[in-house]
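Protein chains in written order, with my numbering: chain A, 6 to 201; chain B, 6 to 201.
Please keep in mind that the hints were generated in silico from the structure rather than gathered at the bench. These figures come from a predicted structure and were not determined experimentally. Keep in mind that the hints are not guaranteed to be accurate.
No copy labels: a pair is met if it fits in one copy or bridges any two.
[Stated by the list, open to error] Cross-link-like lysine to any residue pairs, in silico, SDA-like; alpha carbons within 25 angstroms at most:
| no. | residue 1 | residue 2 |
| --- | --- | --- |
| 1 | Lys73 | Asn179 |
| 2 | Lys156 | Met169 |
| 3 | Lys155 | Gln44 |
| 4 | Lys68 | Thr122 |
| 5 | Lys131 | Leu17 |
| 6 | Lys131 | Val171 |
| 7 | Lys62 | Ile42 |
| 8 | Lys131 | Ala110 |
| 9 | Lys131 | His176 |
| 10 | Lys73 | Ser20 |
| 11 | Lys155 | Arg31 |
| 12 | Lys131 | Arg175 |
| 13 | Lys131 | Ala102 |
| 14 | Lys156 | Pro103 |
| 15 | Lys155 | Pro165 |
| 16 | Lys155 | Asn199 |
| 17 | Lys200 | Leu168 |
| 18 | Lys155 | Leu189 |
| 19 | Lys72 | Thr89 |
| 20 | Lys155 | Gln190 |
There are 2 protein chains.
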Amino acid sequence: MKAGEKAEKGRLTTSERALLGLLSLRPMSGYDLRQLIPQSIGHFWSESYGQIYPSLKRMTAEKLLDKKTERGKGRPDRHVYSLTESGREELRGWLRAPVELRNVARNELLLKVFFGTQVAPEEVRKHVETLREEAELERAEHAGIVRHLKKSSANNPQLPYWLMTVNMGRHEVNAKLAWCRETLQELDRLEERNKQ
Amino acid sequence: MKAGEKAEKGRLTTSERALLGLLSLRPMSGYDLRQLIPQSIGHFWSESYGQIYPSLKRMTAEKLLDKKTERGKGRPDRHVYSLTESGREELRGWLRAPVELRNVARNELLLKVFFGTQVAPEEVRKHVETLREEAELERAEHAGIVRHLKKSSANNPQLPYWLMTVNMGRHEVNAKLAWCRETLQELDRLEERNKQ
DNA sequence: TCCAACATGTAAGGAGTTACATGATTTC
DNA sequence: GAAATCATGTAACTCCTTACATGTTGGA
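Assemble the whole structure, with the sequences as input and the hints as a guide.
Structure below.
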């Protein structure tokens with residue numbers, strides 16, 4: 006590899022690109038970003054302050070962001086960041102590039118199911134039932150999110166894309182619920198067989 | 006918190022517990038574990054050598070594992086680890102405890118969809134089509150895994166649990182495919198609207 | 001003759017979370 | 001009077017992956 010190539014390639018982490026994306030919605034402070042995440046990309050992405058503040062600093066140094074300071078009375082100053090032209094290009098370039106993060110999703114529940122014979126079927130059942138309850142709550146949440154989005158962003162051109170991400174959540178939750186149903190039935194059979 | 010409590014609480018990482026689980030199948034070396042993972046828990050869990058070897062060392066020091074050395078001719082010695090009684094108890098305790106790892110699964114594709122208005126719908130379509138192709142390959146894989154498991158482990162009491170984990174994979178893949186279909190249709194509409 | 005497989009291990013680095021530090025204002 | 005909110009930032013730590021280091025045997 007030639008000199009400089011490596012520095013160019015992964016100049017930003019995916020966390021930083023996610024922040025670029027959020028700042029394309031409107032200029033925001035680190036605090037704003039943190040608050041916004043649960044209401045926007047929170048179902049498939051998370052960021053902590055320990056990640057956000059250093060990222061904003063780095064991207065400002067790289068001229069991807071502009072920083073403006075708003076004086077706060079009593080409160081600390083607000084540092085409001087907005088995309089520069091170069092930041093917007095960086096964002097578009099990433100959006101066009103193939104999806105890269107293909108690391109295996111670690112699923113502790115499936116791990117416990119896989120080693121299920123080490124404990125009684127009833128113990129595995131508990132985990133599956135917990136998942137079912139959580140999935141049912143999530144399903145109810147989705148309905149609320151869709152209703153809220155359709156009202157609050159009726160004329161927003163971003164609405165169709167936002168609904169697509171919620172829709173993935175819906176399909177995933179339905180898949181989980183279907184799996185729970187089947188798995189609980191299979192556990193019934195295993196428990197029956199154990200008694201005899 | 007009193008002295009010692011912290012040390013007790015999280016004595017093992019989930020990675021280490023996963024290795025305990027695999028060693029409950031049969032005694033193995035670090036190399037064996039690494040080879041086995043893609044054929045067993047690979048669809049929902051991954052481990053690298055850099056994680057495996059230090060983990061085996063730590064758990065041996067904590068008397069959860071026994072280590073036996075097999076002399077290799079030419080090759081390095083094989084260090085074969087097996088569960089101690091205390092290791093098996095540790096494993097069972099973890100299997101009975103509630104599932105803990107509930108960190109948000111980070112999904113770069115959904116991030117790109119969420120910020121979709123920043124690029125042309127055609128750019129988003131590319132990502133969705135890639136996902137569809139990958140999901141279709143995965144679906145074909147599942148059929149093969151089920152056939153193989155049912156043959157090779159016909160009388161293995163662990164078979165039902167192993168099939169449950171594959172089944173989750175099937176449901177998830179079907180959810181992805183359904184989402185891709187719907188999303189591609191919606192993108193059709195957005196592209197049409199753009200042309201007019 | 002070269003490459004893959006066998007086999008163990010360490011070091012460095014990336015990515016991210018949690019806890020800490022600070023302090024005024026508003027709300028119950 | 002306590003707690004939550006606003007607001008920024010750093011340090012320490014965890015967890016994990018990749019690259020490096022080493023060396024033999026067997027097959028194409």
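Evaluation of the provided hints:
no.: 1; hint: Lys73 <-> Asn179; verdict: neither (45 angstroms within a copy, 47 angstroms between copies)
no.: 2; hint: Lys156 <-> Met169; verdict: within (16 angstroms within a copy, 40 angstroms between copies)
no.: 3; hint: Lys155 <-> Gln44; verdict: within (14 angstroms within a copy, 44 angstroms between copies)
no.: 4; hint: Lys68 <-> Thr122; verdict: between (56 angstroms within a copy, 23 angstroms between copies)
no.: 5; hint: Lys131 <-> Leu17; verdict: between (42 angstroms within a copy, 22 angstroms between copies)
no.: 6; hint: Lys131 <-> Val171; verdict: between (28 angstroms within a copy, 19 angstroms between copies)
no.: 7; hint: Lys62 <-> Ile42; verdict: within (19 angstroms within a copy, 40 angstroms between copies)
no.: 8; hint: Lys131 <-> Ala110; verdict: both (22 angstroms within a copy, 22 angstroms between copies)
no.: 9; hint: Lys131 <-> His176; verdict: both (23 angstroms within a copy, 20 angstroms between copies)
no.: 10; hint: Lys73 <-> Ser20; verdict: within (22 angstroms within a copy, 44 angstroms between copies)
no.: 11; hint: Lys155 <-> Arg31; verdict: within (20 angstroms within a copy, 55 angstroms between copies)
no.: 12; hint: Lys131 <-> Arg175; verdict: both (23 angstroms within a copy, 22 angstroms between copies)
no.: 13; hint: Lys131 <-> Ala102; verdict: between (42 angstroms within a copy, 10 angstroms between copies)
no.: 14; hint: Lys156 <-> Pro103; verdict: neither (33 angstroms within a copy, 38 angstroms between copies)
no.: 15; hint: Lys155 <-> Pro165; verdict: within (10 angstroms within a copy, 43 angstroms between copies)
no.: 16; hint: Lys155 <-> Asn199; verdict: between (51 angstroms within a copy, 21 angstroms between copies)
no.: 17; hint: Lys200 <-> Leu168; verdict: between (48 angstroms within a copy, 22 angstroms between copies)
no.: 18; hint: Lys155 <-> Leu189; verdict: between (36 angstroms within a copy, 20 angstroms between copies)
no.: 19; hint: Lys72 <-> Thr89; verdict: within (10 angstroms within a copy, 58 angstroms between copies)
no.: 20; hint: Lys155 <-> Gln190; verdict: between (38 angstroms within a copy, 19 angstroms between copies)
Hints 1 and 14 from the earlier list are contradicted by this structure; the remaining hints agree with it.
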